[in-house]
Amino acid sequence: MNEPTDKELLERFRDEKTRNAAFGQIIQRYQRKLYWHIRRMLVDHDDTDDVLQNVFIKMWKGLESFKEDSQLYTWLYRVATNETLTFIKQRKAELFVRYGDVEYNIESKLTDDNYFRGDEIQKKLQLAIQTLPEKQRLVFNMKYFEEMKYEDMSAVLDTSVGALKASYHHAVKKIEEYIRNSNEANMQA
Amino acid sequence: MNEYNDILPDDFENLEKYAPTLLAIGRRDGFVVPENYFEELPAHLQALLTVTQAARDKFAGMYAEENYFTELQQIVEILIVIDKAARDKNAGLTDPGENYFEELTAKLEALNRLNAIAGDKKPYELPAAYFNQLNDELLTKLALDNLKQEKENLFAVPDGYFDQLAGKMQSFAALEQMKQGDETDVPADYFSTFASRVQERIAAEEKKDAPAPKAGKVISFSVHFSKNVRTYSAAAALLLVLGAGYVWYNAATNGVITPGNNIAKNDTSNTKQQQQVIDTNTTPEVNPKNIANNTTITPNNTPVDTTKPQQPDLQQNPVVQNDVKKDSVKTNNEPQYAVNTEMPAEFDAELQQAAIDYLMANEADLGELLDEIGSKK
Numbered sequence: 000m001n002e003p004t005d006k007e008l009l010e011r012f013r014d015e016k017t018r019n020a021a022f023g024q025i026i027q028r029y030q031r032k033l034y035w036h037i038r039r040m041l042v043d044h045d046d047t048d049d050v051l052q053n054v055f056i057k058m059w060k061g062l063e064s065f066k067e068d069s070q071l072y073t074w075l076y077r078v079a080t081n082e083t084l085t086f087i088k089q090r091k092a093e094l095f096v097r098y099g100d101v102e103y104n105i106e107s108k109l110t111d112d113n114y115f116r117g118d119e120i121q122k123k124l125q126l127a128i129q130t131l132p133e134k135q136r137l138v139f140n141m142k143y144f145e146e147m148k149y150e151d152m153s154a155v156l157d158t159s160v161g162a163l164k165a166s167y168h169h170a171v172k173k174i175e176e177y178i179r180n181s182n183e184a185n186m187q188a
Numbered sequence: 000m001n002e003y004n005d006i007l008p009d010d011f012e013n014l015e016k017y018a019p020t021l022l023a024i025g026r027r028d029g030f031v032v033p034e035n036y037f038e039e040l041p042a043h044l045q046a047l048l049t050v051t052q053a054a055r056d057k058f059a060g061m062y063a064e065e066n067y068f069t070e071l072q073q074i075v076e077i078l079i080v081i082d083k084a085a086r087d088k089n090a091g092l093t094d095p096g097e098n099y100f101e102e103l104t105a106k107l108e109a110l111n112r113l114n115a116i117a118g119d120k121k122p123y124e125l126p127a128a129y130f131n132q133l134n135d136e137l138l139t140k141l142a143l144d145n146l147k148q149e150k151e152n153l154f155a156v157p158d159g160y161f162d163q164l165a166g167k168m169q170s171f172a173a174l175e176q177m178k179q180g181d182e183t184d185v186p187a188d189y190f191s192t193f194a195s196r197v198q199e200r201i202a203a204e205e206k207k208d209a210p211a212p213k214a215g216k217v218i219s220f221s222v223h224f225s226k227n228v229r230t231y232s233a234a235a236a237l238l239l240v241l242g243a244g245y246v247w248y249n250a251a252t253n254g255v256i257t258p259g260n261n262i263a264k265n266d267t268s269n270t271k272q273q274q275q276v277i278d279t280n281t282t283p284e285v286n287p288k289n290i291a292n293n294t295t296i297t298p299n300n301t302p303v304d305t306t307k308p309q310q311p312d313l314q315q316n317p318v319v320q321n322d323v324k325k326d327s328v329k330t331n332n333e334p335q336y337a338v339n340t341e342m343p344a345e346f347d348a349e350l351q352q353a354a355i356d357y358l359m360a361n362e363a364d365l366g367e368l369l370d371e372i373g374s375k376k
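These protein sequence lines are chains A and B, in that order.
Sequential numbering of the first sequence, starting at 0, is according to numbering that gives the first Met the number 0.
Sequential numbering of the second sequence, starting at 0, is according to numbering that gives the first Met the number 0.
Think of the hints as simulated: they come from the structure by calculation, not from any bench.
Incorrect hints may appear among the rest.
[Unchecked claim] Calculated pairs, DSS-like style, for lysine-lysine (alpha carbon to alpha carbon, straight line, at most 27 Å):
#	chain 1	residue 1	chain 2	residue 2
1	B	K106	B	K83
2	B	K16	A	K123
3	A	K32	A	K57
4	A	K172	B	K16
5	A	K57	A	K148
6	A	K66	A	K91
7	B	K83	A	K134
8	A	K66	A	K108
9	A	K32	A	K134
10	B	K83	A	K122
11	A	K16	A	K173
12	B	K16	A	K164
13	A	K123	A	K134
14	A	K16	A	K88
15	B	K16	A	K142
16	A	K16	A	K57
17	A	K32	A	K164
18	A	K148	B	K16
19	B	K16	A	K173
20	A	K91	A	K32
21	A	K91	A	K122
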């Protein structure tokens, strides 16, 4: 049995009889991609879960008026990205009031998170990624981990492909430098 | 894209070249998800959406009771009155809070819209800039109320104020008049020329009262005395000591003083003023009773008790008056009079003390002075 296309799912969603079923299918199709897209930005599973649920609820509310000018896939990524950035902004404000140091909070999250099973080098990699500016971090994650095409990224992030390439290249070099310095510091210690 | 192609190398994605460490780590991120998370997520979201939908339905089913908005107008009116009364009670100085008027405007406008829907007019339509002026109007009203309440206290007068007012005002007017008179009655340059005018008048008076040409020379003794009172006093005392010693010496040797040799000699030791006033060729009129009573005759014919210590005339009457008449002091050529040559002890002591004071005041050496006296003798 062939999987329905996004267009077919949208038609089913607009029909009230098949709406719930279509909604379930859309979730199953995009939940993992959206989850990891959000998780690599937020690190924490619970935060990711909250944001992901908001993304799908917004999809439910907004999908009826979705005009199909873009692909459902691109639209959902855009909603997820915006929700994630909004969440980060709110959390930064809270952390600034509480601690004044966001990175420390992320490191402690990596240490304390029950759903992080990475080794030291993977932890270093996550810390290095967290040092990047938010948009550069998005680009790096989407390209390095999700292996998304620059064209798709451009549609989601509304940025030119050339800028995305440059951003990715700079992000790679920064991460490499951070990990090298961290390794050298560990060896000296 | 071109602008980035210029700065990006062609092999910018070559991790082996640009990020070998990152390449070694690989694409493992270490994150895991709870078991069956993705399997349960659709059902979970469906349940969540059901709850959300139910909430939305409940919201859509909300209704207002009949006459709710009509009663709401009355409620809002009552609330406004209560609010105003509360602010009046607090002297109107409480801050209604930020955005209070904006919110109230929005509420009233919403109410107007509801009324418009119901077919009513707009009972709460506000004049332009109503809320901009409301605060000032309230403050003004409060200030007037406060004034009204505190009117009696503000304008209370002390007891008997009006009874005393007329007298006070009259006194004040009189003082003002005196003050103005003092200021306006003095001619210009009155005080600046006052000293010179007084001196001129003194000079005129002196010229007017000037003695006859034959009268004694006028000496402003007060000037000399005031300047050198101590010096003159000491000098007179010293001269008297010397004179007394001389008299005593002569008395010891002759026992009789003749007017010619004694009084004249004494006159030479007296001051010039005395010499100028008293005619040494005359002898004062002597009352025998005075002589019998141990009195001597002063130039102005005043009996003096010689038993008592006497200050020299210059000390008692340092200024020789111009009006001393020549006739008032007379001398005659009558024979010698017996004179008590014994000096009272107090007199001698006082003279000695005066001499010592003079010496100390003039820092003279007593030994030298005594030697000089001795050599003269």
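Status of each hint after checking the structure:
1. K106/B <-> K83/B: holds, 17 Å
2. K16/B <-> K123/A: Distance of about 20 Å is within 27 Å: holds.
3. K32/A <-> K57/A: holds, 17 Å
4. K172/A <-> K16/B: Within the cut-off at roughly 10 Å; holds.
5. K57/A <-> K148/A: holds, 25 Å
6. K66/A <-> K91/A: Measuring from Cα to Cα gives roughly 34 Å; hence the hint is violated.
7. K83/B <-> K134/A: Judged against 27 Å, a Cα distance of about 53 Å means the pair is violated.
8. K66/A <-> K108/A: Violated. K66/A to K108/A sits at ~39 Å, over the 27 Å cutoff.
9. K32/A <-> K134/A: holds, 18 Å
10. K83/B <-> K122/A: Not satisfied, since the Cα-Cα distance of roughly 63 Å exceeds 27 Å.
11. K16/A <-> K173/A: Not satisfied, since the Cα-Cα distance of roughly 51 Å exceeds 27 Å.
12. K16/B <-> K164/A: Holds. K16/B to K164/A sits at ~16 Å (cutoff 27 Å).
13. K123/A <-> K134/A: Status holds; Cα separation ~20 Å.
14. K16/A <-> K88/A: The given pair, whose Cα atoms are some 39 Å apart, is violated under the 27 Å limit.
15. K16/B <-> K142/A: holds, 17 Å
16. K16/A <-> K57/A: Judged against 27 Å, a Cα distance of about 20 Å means the pair holds.
17. K32/A <-> K164/A: holds, 21 Å
18. K148/A <-> K16/B: holds, 21 Å
19. K16/B <-> K173/A: holds, 14 Å
20. K91/A <-> K32/A: This hinted pair holds, its Cα atoms lying about 25 Å apart.
21. K91/A <-> K122/A: holds, 21 Å
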